[in-house]
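Number of protein chains: 2
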Amino acid sequence: MDYREKLIVAPGSKVRLADIDPDYHGEGLSKQSAKGEIDSLLDEIAALQFLLYAEGNHALLIVLQGIDAAGKDGVCRHVIKAMNPQGCSVVGFKQPSTLEHSHDFLWRVHLRAPGMGQVAVFNRSHYEDVLVARVHGLVDDSVWQRRYGLINDFETLLTENNTTIIKFFLYISKDEQLERFARRLEDKSRHWKISESDYTERRRWDEYIAAYEAMLQNCSTAHAPWYVIPANRKWFRNLAVSHIIKATLKDLNLQLPKPTVDIDDIRNRYHAAVARQRRERNADS
Amino acid sequence: MDYREKLIVAPGSKVRLADIDPDYHGEGLSKQSAKGEIDSLLDEIAALQFLLYAEGNHALLIVLQGIDAAGKDGVCRHVIKAMNPQGCSVVGFKQPSTLEHSHDFLWRVHLRAPGMGQVAVFNRSHYEDVLVARVHGLVDDSVWQRRYGLINDFETLLTENNTTIIKFFLYISKDEQLERFARRLEDKSRHWKISESDYTERRRWDEYIAAYEAMLQNCSTAHAPWYVIPANRKWFRNLAVSHIIKATLKDLNLQLPKPTVDIDDIRNRYHAAVARQRRERNADS
Numbered sequence: 016m017d018y019r020e021k022l023i024v025a026p027g028s029k030v031r032l033a034d035i036d037p038d039y040h041g042e043g044l045s046k047q048s049a050k051g052e053i054d055s056l057l058d059e060i061a062a063l064q065f066l067l068y069a070e071g072n073h074a075l076l077i078v079l080q081g082i083d084a085a086g087k088d089g090v091c092r093h094v095i096k097a098m099n100p101q102g103c104s105v106v107g108f109k110q111p112s113t114l115e116h117s118h119d120f121l122w123r124v125h126l127r128a129p130g131m132g133q134v135a136v137f138n139r140s141h142y143e144d145v146l147v148a149r150v151h152g153l154v155d156d157s158v159w160q161r162r163y164g165l166i167n168d169f170e171t172l173l174t175e176n177n178t179t180i181i182k183f184f185l186y187i188s189k190d191e192q193l194e195r196f197a198r199r200l201e202d203k204s205r206h207w208k209i210s211e212s213d214y215t216e217r218r219r220w221d222e223y224i225a226a227y228e229a230m231l232q233n234c235s236t237a238h239a240p241w242y243v244i245p246a247n248r249k250w251f252r253n254l255a256v257s258h259i260i261k262a263t264l265k266d267l268n269l270q271l272p273k274p275t276v277d278i279d280d281i282r283n284r285y286h287a288a289v290a291r292q293r294r295e296r297n298a299d300s
Numbered sequence: 016m017d018y019r020e021k022l023i024v025a026p027g028s029k030v031r032l033a034d035i036d037p038d039y040h041g042e043g044l045s046k047q048s049a050k051g052e053i054d055s056l057l058d059e060i061a062a063l064q065f066l067l068y069a070e071g072n073h074a075l076l077i078v079l080q081g082i083d084a085a086g087k088d089g090v091c092r093h094v095i096k097a098m099n100p101q102g103c104s105v106v107g108f109k110q111p112s113t114l115e116h117s118h119d120f121l122w123r124v125h126l127r128a129p130g131m132g133q134v135a136v137f138n139r140s141h142y143e144d145v146l147v148a149r150v151h152g153l154v155d156d157s158v159w160q161r162r163y164g165l166i167n168d169f170e171t172l173l174t175e176n177n178t179t180i181i182k183f184f185l186y187i188s189k190d191e192q193l194e195r196f197a198r199r200l201e202d203k204s205r206h207w208k209i210s211e212s213d214y215t216e217r218r219r220w221d222e223y224i225a226a227y228e229a230m231l232q233n234c235s236t237a238h239a240p241w242y243v244i245p246a247n248r249k250w251f252r253n254l255a256v257s258h259i260i261k262a263t264l265k266d267l268n269l270q271l272p273k274p275t276v277d278i279d280d281i282r283n284r285y286h287a288a289v290a291r292q293r294r295e296r297n298a299d300s
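Taken in sequence, the protein lines are chains C and F. For the first sequence, my numbering gives the first residue as 16, with consecutive numbering after it. For the second sequence, my numbering gives the first residue as 16, with consecutive numbering after it.
Just so you know, these hints were derived from the structure itself, not from any lab. Fair warning: there could be bad hints in the mix.
If several chains are the same, the list does not tell them apart, and a pair holds so long as it fits within one copy or across any two.
Claimed, not checked - Straight-line Cα separation of at most 27 Å, DSS-like style, residue types lysine-lysine; simulated pairs:
| # | residue 1 | residue 2 |
| --- | --- | --- |
| 1 | Lys29 | Lys203 |
| 2 | Lys29 | Lys50 |
| 3 | Lys189 | Lys265 |
| 4 | Lys208 | Lys273 |
| 5 | Lys261 | Lys203 |
| 6 | Lys29 | Lys46 |
| 7 | Lys21 | Lys208 |
| 8 | Lys96 | Lys46 |
| 9 | Lys50 | Lys265 |
| 10 | Lys273 | Lys29 |
| 11 | Lys273 | Lys203 |
| 12 | Lys273 | Lys109 |
| 13 | Lys265 | Lys203 |
The following block holds chain C by itself, in its conformation from the complex (with noise of 0.2 Å):
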């Protein structure tokens, strides 16, 4: 299946998560099923970004928004650890800094883009500024109303300097969360994630879906076009989310550098020296 197709917020549609299943989990398939294949995708991965960092002439950002418990850090923790962790680098977004907050919204986020050759992964992103901003009125109306439109222009100067953007919403239904959250009691390791804010933001579901979905019909482009990820089963999130990179990376058609020296040249020095060195070790022996 192509997940990409499947997933894609056409650019210029209108979005509706109503109509979305978050327990949608392909056709079936099952999670041992998967298993071997998200495998083979990370592996792909994995060789794709080698080329992009020696090619040295693209770079690749990856934008992950999802609700509390959607599934961010577990994206990170399955699919990008399959990247070589020399360029790849995953920068969570929190509450902006006093230096942060003086400057435009983007100015953040602009820092810690990927240059050439290299993978930056954004868990929680400038997207937030039409999300919480929005729902929690941190900034009027009339603010975070104009930021679509700059964060496309953003957006747009990035991809203007080959970078690749890809944009995952893990979208899990309300249930789900609440599950999770349940579970996570159940887990001392975590207790200390946990925080009173985490249940009363659910409240607000509502309006979040409402700020979700219209970040991904103002900015889902063809550029750096959002895709909704069903992410109730997490092995599911994990096919989906792995094939979509891969994918992208593949039509990069990403190439290996030519070499900058004659390598038979080179070969032929190397060879004499290291047979030299070789009889020098015997004749000591």
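Once you have looked at the hints, place chain F on chain C.
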């Protein structure tokens, strides 16, 4: 074996690399017998990194230095990859940019120092400013000579802010380097990395060794020790590096933060909500 004790450069001691065997590979170990130990060390590192991240009260800075082909990239690929990429950044320091060059030599590394809860790995570092800068005479002697003290002061600043520093000098023999260069020639995917300077830099081998020795004896301090890792055998290098990272993290006695909320109270509320949700779902169907 306690590889920290065995491989540390004792602060204040003289270092003669000629007295250290780059081919050393433990006592009675083989690649096969070490594999299980490396795997379990990597699992422990991953668990300890989770605690570091959760606690958010310590940072870890790992510095990798070594001559070309010594295995700095290999350590990233085989050891650092065990860590969750969220919470671990690898920074490769190349020739300084114009902006970087317009500042003092520690400015660009300070920018990339790890925040609390984070691990940063420097693949090459501020030590290049007493290595390549010295060997190639990029600055006056009086400039690089003063840098040892400036580096120690800088590392004191970081450690006083709860950053633990581990510095690995990956030590290979001149023969091993040549063998590795020769092997690279047989791997087409690595031809693009080969440069004329690989070979010409070998002529300065002895000058580099002298620069490494000065770095090790001037900058191995109680708070930021250097370890000389015999690195002719990649598996032993990985074993020793993993062992030292694990032991250092272990000594921090990292603890999960206490929950900030009343877990029992939340459990009762969640369980009631989940039960209600399930009842409603059953009533619907």
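Results for each hint:
1. Lys29 - Lys203: neither (42 Å within a copy, 48 Å between copies)
2. Lys29 - Lys50: Intra 33 Å, inter 54 Å, cutoff 27 Å: neither.
3. Lys189 - Lys265: Neither way: Lys189 and Lys265 sit 35 Å apart in one copy and 39 Å across, limit 27 Å.
4. Lys208 - Lys273: between (49 Å within a copy, 9 Å between copies)
5. Lys261 - Lys203: between (35 Å within a copy, 23 Å between copies)
6. Lys29 - Lys46: neither (31 Å within a copy, 58 Å between copies)
7. Lys21 - Lys208: neither (34 Å within a copy, 39 Å between copies)
8. Lys96 - Lys46: Both, since 19 Å and 25 Å are each at most 27 Å.
9. Lys50 - Lys265: within (21 Å within a copy, 33 Å between copies)
10. Lys273 - Lys29: Neither. Shortest intra-copy (45 Å) and inter-copy (45 Å) distances fail the 27 Å Cα cut-off.
11. Lys273 - Lys203: Between copies, since 10 Å is at most 27 Å while 53 Å is not.
12. Lys273 - Lys109: Between copies, since 21 Å is at most 27 Å while 41 Å is not.
13. Lys265 - Lys203: between (41 Å within a copy, 20 Å between copies)
Comparing the model with each numbered hint stated earlier shows that hints 1, 2, 3, 6, 7, 10 do not hold.
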